[in-house]
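**Q** Chain by chain, the residues:
There are 2 protein chains.
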Amino acid sequence: MDIKTYLNEQRQRVDKHLGSLILDPLGPFSKHIEAMRYSLLDGGKRIRPILCLAAASAVDSGEDTVRRALPVACALECIHTYSLIHDDLPAMDDDDLRRGKPTNHTVFGEAGAILAGDGLLTFAFDLLSSPVSAAIADSDRIRIVQTIARAAGPLGMVGGQSLDMIYAGREVGYDELRSIHRSKTGALITASVLSGAIVAGANEEQEEALKTYGDNIGLAFQIVDDLLDVEATTEQLGKSAGSDLKSDKVTYPSLFGKETSRTMAREAVQEAITALASFDQQADPLRALANYIVERKK
Amino acid sequence: MDIKTYLNEQRQRVDKHLGSLILDPLGPFSKHIEAMRYSLLDGGKRIRPILCLAAASAVDSGEDTVRRALPVACALECIHTYSLIHDDLPAMDDDDLRRGKPTNHTVFGEAGAILAGDGLLTFAFDLLSSPVSAAIADSDRIRIVQTIARAAGPLGMVGGQSLDMIYAGREVGYDELRSIHRSKTGALITASVLSGAIVAGANEEQEEALKTYGDNIGLAFQIVDDLLDVEATTEQLGKSAGSDLKSDKVTYPSLFGKETSRTMAREAVQEAITALASFDQQADPLRALANYIVERKK
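Each protein sequence line maps, in turn, to chains Z and R.
Residue numbering for the first sequence follows my numbering, starting at 1 and increasing by one per position.
Residue numbering for the second sequence follows my numbering, starting at 1001 and increasing by one per position.
Each hint should be verified, as a subset may be incorrect.
Unchecked claim - Subject to a maximum C-alpha distance of 25 angstroms in a straight line, what follows is the list of computed SDA-like cross-link-like pairs (lysine to any residue):
id, chain 1, residue 1, chain 2, residue 2
1, Z, Lys16, Z, Pro131
2, Z, Lys31, R, Asp1095
3, Z, Lys31, R, Gly1173
4, Z, Lys31, R, Ile1166
5, R, Lys1016, Z, Arg150
Bear in mind the hints are in silico, worked out from the structure with no lab data behind them.
Pulled out of the complex, with its shape left as it was, chain Z reads as follows (with noise of 0.2 angstroms):
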């Protein structure tokens, strides 16, 4: 299969849907709305819904089962940008750029993109309760919530960030280092993944395999984009080249070196392939992907 194409459909397909299901950006909300959509119909890579659509598909390649999984596609990416805009902030990794535009707070000012990050992230727990996702059963419904709170969590996304922010400067190992990239970016990769499958009504042993293929290939994405982080230009990336460098954070080609570095990616794409063995060609997508995450260039 052509990776590139495929991409480019399914990101299509994710950014339509962001835009209908993203709120009017007339009102009395108006501002507020305009500082939400700036940063989440920006033309993001949409890793995140593109995976949790190729695991559906992979479970069940019905239309009817993908198109159950737009709103929940559009809920991760909702929760990936705002995680985006708040870890841009002044009082954080303080950047200026992002996705090769000028970030949320240098447009909206911090309190305007603090609050645009709140609104993402609540929104997102209304789509996936309100009436665009009421073709999951609800049980489903529940069991993709609770996979979605606990992956963006404490214990999860915003708990890494956390870690991330304590352990700049610090001379960390790989121990406080995997810990970090679980929390800050595996779990909700894995949780995009799992919650596709939980949408196709996936078996036990199907989500096991879906889960150490989320696990492996979101630990390769953040090997790379460490490497990228070294190797590419700003201009590439769409945002600040180099950032890790000057806020002084451990990274893997810090402790690994490049290309100790770039082989861990590649076989931890290796194991996440290997993960999918028991899924016929409906997988394709998902192992093209994975193949995708550690030869991107941004």
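Since the structure of chain Z is provided, determine the placement of chain R on it from the hints.
**A** The following block gives chain R in isolation, referenced to the frame of chain Z:
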């Protein structure tokens, strides 16, 4: 009934449950959990969780029902606490004192406080979908997630805080003031009452009556908050008195004067109590709460 005794008992019940729910302060995320616990377990009035429990009791006073409502009550307090942490940030209202203690960011830094808020908001949805709330039917849990997410989100509490920031220092009229208060404070208060009603299996008519009750006590609550900001001392409030005036915010007393504002609050409470006409004495705590809200001194 003696409202003070009732409030004390309920507050203790909520506090005990909150203390047991919110995560273990040990482990790798200890600093983050500590920041969450600092603001959550700080002796707040617990108005929203108590409203939730009282509404559940008004519909079905069985002890089982109230026990089922406890995690929902706690989720509401997590969301309320997150909103206080973020509202107090330097980029927002820049307050140093809350519930008689230094605000979260003065203790844990801005980044720590932003993340503590994010963590509490996400944890609320974790609670609503986790095994701790499994005694509530999945269809009811989804309705509760929807009720709370809608009330706390971009068209509710977050949107209202955004309006509050945008309108600060501008000349605005009654319509804008109503709109800010309905979204910023009123929506989550009504959602607290409604989510208790859903847990208890309220019928449509009961929900409608409780919604009217919630909307009116929300209004009364905000008017009294505005009055206390002018009349009470910082020591009485446990947060900075006169802060509305300082930040040049429009309030009920600034628009209508103190006497008229107090009359408006009393009228709203009367309407709230009238809405409960079809309920028997099981709704007495709700009636007493309505009166308490307008008579309170902090």
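**Q** Against this structure, judge whether each hint is valid.
**A** Tested hints:
no.: 1; hint: Lys16(Z) - Pro131(Z); result: 18 angstroms, holds
no.: 2; hint: Lys31(Z) - Asp1095(R); result: 24 angstroms, holds
no.: 3; hint: Lys31(Z) - Gly1173(R); result: 19 angstroms, holds
no.: 4; hint: Lys31(Z) - Ile1166(R); result: 9 angstroms, holds
no.: 5; hint: Lys1016(R) - Arg150(Z); result: 22 angstroms, holds
Going through the hint list in order, the structure satisfies each hint without exception.
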